[in-house]
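Protein chains in written order, with the working numbering: chain A, 1 to 603; chain B, 1001 to 1363.
Treat the hints with caution; some may be incorrect.
What the hints assert, rightly or not - Okay, derived cross-link-like pairs now, SDA-like style, lysine to any residue, Cα gap no bigger than 25 Å in a straight line:
(1) B:K1178 with A:F21
(2) B:K1127 with A:L10
(3) B:K1356 with A:V19
(4) A:K49 with B:I1322
(5) A:K25 with B:K1127
(6) B:K1127 with A:K37
(7) A:K37 with B:Y1241
(8) B:K1129 with A:L10
(9) A:K37 with B:F1325
What the hints assert, rightly or not - Over 10 Å on every C-beta distance to chain B, these chain A residues come out as not near it, computed from the model:
(10) A17
(11) K361
(12) P447
Simulated from the structure, these hints should not be mistaken for lab results.
We treat Cβ as the ideally placed atom computed from N, Cα and C, and that holds for glycine.
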Amino acid sequence: MMNSKIYEDLSLVFSRARVVFIVVKILFVILILYFWKLQILDFQMFWQKSEANRIREIVVPPQRGLIRDRNGVVLAKNIASFKASLIRENCKDYEESCLRISELLDLEPEILKERVDKYRSLPLFQPIVVKDNLTYEEVARIKSRQYELPELIVQSEPKRNYPFGTLASHVLGYLQEISPAEMEMDQYKNRRLGDLIGKTGLEKQYEDSLVGTEGKVLEIVDRIGREIGEVSNVEPIRGNEIYLTLDFDLQKKAEEILEGKEGAVVVMKPKTGEILAMASYPNFDPNKFINRFTPEEWVDLINSPKHPLENRTIRGLYAPGSLFKPIMLLAGLDLRAVNDSTSFVCRGSIIIYRHPFACWKRGGHGAVNLYSAIQHSCNIYFYQLGKRIGIEEIARYARVLGLGSPTHIDLPGEKAGLVPDPEWKRRVRDEPWYPGETISVSIGQGPLLVTPLQIAVHTAQIANRGLSVIPYLYASEIHEGHEIARQQEKTGIRSPIPEVYFEKVVQGMWQSVNDRGTGALARVKGFDVCGKTGSAQVVSTATAEKLAQQKREIKTHSWFTGFAPKDKPEIVVSLIVEHGGGGGATAAPSARELIELYRAKYD
Amino acid sequence: MINQTQIKDIDWILIALLVVNTLIGIAVIYSSSHYLPGNYYLRQVFWTLLSLAVLLVLLTVDYNIFVTYSLYLYIACIFILGGILIFGKLIAGTKSWIKLEFIQIQPSEITKIAIILLLARIFSEFKRKYLSNEAGISSSAFVLLAVVLVALQPDLGTALSYIPILLGAFILAGLTRKTLVILLIFTLVIGIVSWGFFLKDYQKDRITTLLTPEKDPLGTGYHILQSKIAIGSGGLFGKGYVRGTQSQLQFLPARHTDFIFAVIGEELGFVGVVVIGLFYFLFLARLFWSVPQSRDRTGVYIIFMVAMMITSQFFINVFMTIGLFPIAGIPLPLLSYGGSSLLTNYIAVSLVLNIKMRRFVNI
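Next comes chain B alone, as it looks inside the complex (with noise of 0.2 Å):
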């Protein structure tokens, strides 16, 4: 199963990158919830040891082995999901939440790995310089229906965060200009039939917001305009640690969750930002380096597609609070609050462990 050699090989540079991302994620989250009951920190503790728990046990199994189960471990997801549309409870307004004895799991979040897996099975066996109709249009398929489920729960955030992993494949397999033409038009047509049939007027608004967030200030663009004073009125230094006005007077909303980097950027200022950026900086650098260091195109694939995961999750969270993109609900990967997000989070680096560890291997 596991080796001396291997246990070498695990970067434990990266280990140590996650876990300061997550210590610094627990900081501010106790800053911007101390008050609310519910000790959200201490939550975060206690999903934080699990989920490092169960990326060490993950590290155990070669990576293959998930890759060659990745269509039952789909299969399931999809099942779950759509379970949870039929027999689930709302929770906070949507059904996208399994509840066990004491704790809450979001299966939306889980199945991004399952289909990082699976897409890695699929574009494994691909060795053209381009991407085919065949892979393009079956990873597609099988995507679209987890973002399908998804939105109807509804979680269009969380939803929409699967297409970045699909398109990270596609990246990697080789866009054509032809592929690149049918992609946007493809895009724009669902778009426009979403906007036409689908979205809600609450969802549309958050759209047309980011235009003209001042328009109507206590409504859809109230948290944008919360966000971007709580940010603004920071600073250079910021107003200190559990000392943040927007957030401690709870004019910001989602604090410990999808706003928490405007937290980080009220209490801690340009410099925090700066300084806490550049940790997640490092972290999704590492990842990127790790592309070359893996052994076989299944370890590059996956490898990129946690890189583009939480990168891409990164950067809609963060132009969110800042008004350049639409409210999304999409947490902040290993900042914010939310076990089931940290422990999908974990289980992907573990993945990136797992192929580092193994690339000097014998099959």
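Just chain A, with the same shape it has in the complex (with noise of 0.2 Å):
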């Protein structure tokens, strides 16, 4: 009786739980399953995903190589600095993020998502730095919001600095952001997006000297990028530091008298091609520019229509004027269309394929031989060799002598000037060459080029009587203290002129700065130097009639190089002030300046 009450008949309901009982075993066994696959057969992905967001590779920069001078003075270091970097993991709200970032920072809000924008392609715990070379006040403001914006750090790092401004700033050059074209090259391949190298000058030329190699901090962080703990820590290699062959009191002095002009200037020692100074105006501050961005002052430089970030030693092209004399005159002697006893008659003009030619002195230098034609400058003789040898051989013995192509220098960006010859004409401009051209190139006008270095290695041969050098500026290598690499001694090659015809240039090079020559004022009492002045056309001859019959003076361009002293030459200087007038009042007692420091120092 008591059981038919309790026990009432529930197996279909049992049943139906069973069912339910079977499922949640096949639910299970699933589950296990889907476990392997996770633990097991993806253990690998997994691992690795979990070690990566364990684990965060902090990167130490080196400290860049320091520059110095032949004497070591530093030219280029490093100071401390600081960066600030958005770690775009941590932001709770990115757009809420950008926006006090840019208020904090004092930056646009477009140009600060542009910037990390750039950057997308980072893992999202990387910080990307927003902005650069911190003031201390900023340090402060980003510190003291540390807790409510997680995502903006401060990070320190050594930034380049070049105690003297614009002291060889074409020589040094300067650093910038690597572009993202740059990243893909392969000298540039263990780079990474953000960071700052060479754009120009011994900086680019010798990146991977100076660049040092990167430490590595493996930290521990936490879910909000905290750090916790380190793994491992490499420290930073310093660059290696670089000593010139530059002399900073040579440099000073070689700007100094550029200063408020244009123009260019090559000091250097015509035994071995060392570099002493290479200034070129107007210049620029380095200093002012080294970030990540792209501040206005250089993009004001870059758009200046006076150039400021060429370098017109090396880059600068200008036609050689008389300074193409030298040249002349050992083509003609070598060819032996001119010698000693060969003399012309200047007066003052003279009509050559039914063309009036002008010397510069309008009353004529009379009776002219090859010492005077160079001591005065002469343009009639250098017409009339010019007529006798062609223009074939004019240009052959211009590249012999070093013209036309590149010295060679340890600067990126050197321009190789132009040689000009028939064929070149009919190549370039599909015109035949005029006879009258070619006795406009005899006095180095006409579309011949050079550049103030290709200048300065030019005389350097005619002071060693032949022997051609290549220009360098990098001395010497050091890492951590000890002497790694070393300017090899390049033996310079003979020219197969023979040694006679360079002493008789010589000879009117001296002529013309000690016996009142066009380079008077550039002698040196007791030093015996030997130079050339030049006067080059700025303007093609169509432009200057056309300026001429507008009454408008052409200043032409000042040249001058010459060497000292005459039988055992010690420097060469060469130089040019653009618009300067003639060679010999402007340029050579500017060269006497610099000779007469040199002898001061050195002598």
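Taking the hints as your guide, dock the two standalone chains into a single complex.
Pasting the structure below:
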């Protein structure tokens, strides 16, 4: 009786419960199988992901190597600087973060976003630099908001600094952020987005030596990026120190000479090719724009009509003017077109190919031999010499003597200049060569183009009586106090032109400075300066005629190149002052100042 | 009230399984929160002792008395749920807590007990082969009222965890093909309407993110991704207790609560998952095996609904940690930190024990 009441028939209900329990068992099996997949089959993938989650690689930038002059004066060093970086992973609300950060750092929100967008391919926990060269006030502002804005961090980094500002700025070059195109180049394969690299000058040329090796800290971080331990810490290795051939005082002097003008100065040692000074003006202060952004200063410089960023010594192309005359003379002597007894009469002008050609001296020089032709830079002599030997020979000798090809100095971006000949004119202008052009080229005008450095190297060859040199700036390299590399002695190539002909040219150049010639203002008593002045036409003949019709004065570029002393040459000075007028009046006295300074310091 | 035979008939094995799983939970809670202020594992120990005491005390009262008063209990719960909606303070973004002197209680958890008892009462009278309309509609109405109130807190996860209890009752009552179709249509309509009108964007994201968790690894997909990374990187033997990087370095969200199973997967590995899974399975199996050990229909329903409640939460939670279910905010019963949830589950198990120990007793 009791049983029937208590134990009612629930078998149907029980069987339904059993079915559900079977489903539960199946689900358990599925669950275990899925964990098998996650933990056993996909283990490697998830393991790597968890490792990447845990360990953040912090790159510690190395100190860039110092650059010193030949006596150890530091021309490029590093100073401490701070940069602010955004860790996107820590942003609660990206838009909000951008807004607050741009407010905090006084940046345009659009520029900030653009910047971050540029690096969107980086992992989210990698900091992206949003502002560098922070002031201490900005650092304090960021630090004080560390808890509200965990996504914004401050990192310190060494910053390139040029203690003398504009000094040798073209030689040293400057740094800027690596571009996406450069990232793909082999040379920069180890560099990262946001790295600063040498963009011009020696900073670019010796990038690999200067850059050093970055350090790496692998730190354990928690989810919000707080560092809670270190896995490993590899110290950065400082970049190698580079000693230059430059002399601080001569460099400074060279820049003072050019101040306020446009021009270029090269001072070098003729025997070795060591560059003692290399100045280009106007110059710039690279300190003002070494950062990751494109500051206004830099854009202004890029767009300036005076091209202050251009290194005129290797990239400025000028007509050599009368500086070409020694080459003409060497060609003439070697071809036996002229000799010591050859003389031409200068009456101030001459008709060649039914066209009048003038000498710079209206009254004429009278009878002129090869020495006085160089001494007084007589055009008439060289017109006739040019007519005798012809353009093909002129071009050949110009090339033999180093024109029309780069000097291979250790600087990027050097230009080759131009030595014109009929073949060139056919190719480039599709016109035949006119005989009258040969006459222009004979005195260094026409399409002939040289760089100031080419002139200096050419002058060194004359000073060496035919031995050519390759100019260089890099003297030696120091790694952690030990010299690891040194400029190899380069034995110059002897010119096929006999030494005696060079001696005659040297004699003419000596007279030019020491015997009331055009270079008289370069004279240094007791130091036997030999030199040649030049005045290069600024514009093409056609433009010149047009300007002359408008009665406008065209000031020519003022050249001087020379060496001293005559018999044991120690120094070559070449300089050009754009629109300086006559070479003898403007350039020669400046050369004297440099030679005097050199003599005072080293002789 | 209680006699010697009944004490002899207490299912000590079930209590042991309950406590073992709770202790496993405490160990994992320690590992996943020892570096946080708040001593969560100690609090969980306290809650365990309290829950165990409640469990034992409730055994002294015949479960039929609870069933008798179940409607009042349910009404009380509804009032509390309504009351905290109006007067409650926001804690962790929801109004789901009642703050007492030193402990907080989630009424929505205790409501589960009320629902189980009320449904048991409704269905105990039900002796037909299949679910009738009246029983189906009235029980649905009671449950859905609670669902809506809890969903408004808003605590959608807990609200939806009531549904399997109702479903359990339906299954026992018997579902005809017609009822199944109606239920499916009803679910679809509710789903579409909520998607269109009620679900918040973050809730929708949680569902869509299931399909493409990689798409937005820092947004909604983040939790799922980090949880999967934690589990997957645990491998066969795990990274070791208290040595899971995902968990210890706080890449993993809600480590000691909703994502506690990911901590197990990471630190104890596949072996740990299988062993702990086995303990859990034995616990659930013990509940299912208890179903036929009831003297009456009421008891059968209660045991089955308790089993359904805990089992469904277990699967929803674990499937959530491996990205097979939307992040629902449902704790893992017994293992996750949380006093109310623990207490509720202990009371539920207490009911099962209560029924089993009284199966031979006269009314």
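Q: Take a quick look at whether K1178 of chain B and F21 of chain A sit within 25 Å of each other, Cα to Cα.
A: The hint holds at about 23 Å.
Q) Regarding the pair K1129 of chain B and L10 of chain A, is the alpha-carbon distance no greater than 25 Å? A) holds, 11 Å
Q: For the pair we were handed, K1356 of chain B and V19 of chain A, check the Cα-Cα distance against 25 Å.
A: The given pair, whose Cα atoms are some 21 Å apart, holds under the 25 Å limit.
Q. Regarding the pair K37 of chain A and F1325 of chain B, is the alpha-carbon distance no greater than 25 Å?
A. At roughly 17 Å apart (the allowed maximum being 25 Å), F1325 of chain B and K37 of chain A satisfy the hint.
Q. Given the hinted pair K37 of chain A and Y1241 of chain B, is their alpha-carbon gap at most 25 Å?
A. holds, 22 Å
Q.
Hinted pair, alpha-carbon criterion (25 Å max): K1127 of chain B, L10 of chain A. Please report holds or violated.
A. Satisfied, since the Cα-Cα distance of roughly 9 Å is no more than 25 Å.
Q: Below or equal to 25 Å on CA atoms is what counts here, so check K25 of chain A against K1127 of chain B.
A: violated, 28 Å
Q) Given the hint that K49 of chain A pairs with I1322 of chain B, does the C-alpha gap stay at or below 25 Å? A) The hint holds at about 15 Å.
**Q.** Interface exclusion of K361 of chain A relative to chain B, criterion Cβ beyond 10 Å
**A.** With a cut-off of 10 Å, K361 of chain A remains clear of chain B, as the shortest Cβ separation is near 82 Å.
Q | Beyond 10 Å from every chain B Cβ - status for P447 of chain A | A | holds, 63 Å
Q) Taking the minimum C-beta separation from A17 of chain A to chain B, is that value above 10 Å? A) violated, 4 Å
Q. Are K1127 of chain B and K37 of chain A close enough, with their CA atoms no more than 25 Å apart?
A. Answer violated: K1127 of chain B to K37 of chain A is near 45 Å, above 25 Å.
Hints 5, 6 and 10, counting from the list given before, are not met by this structure.
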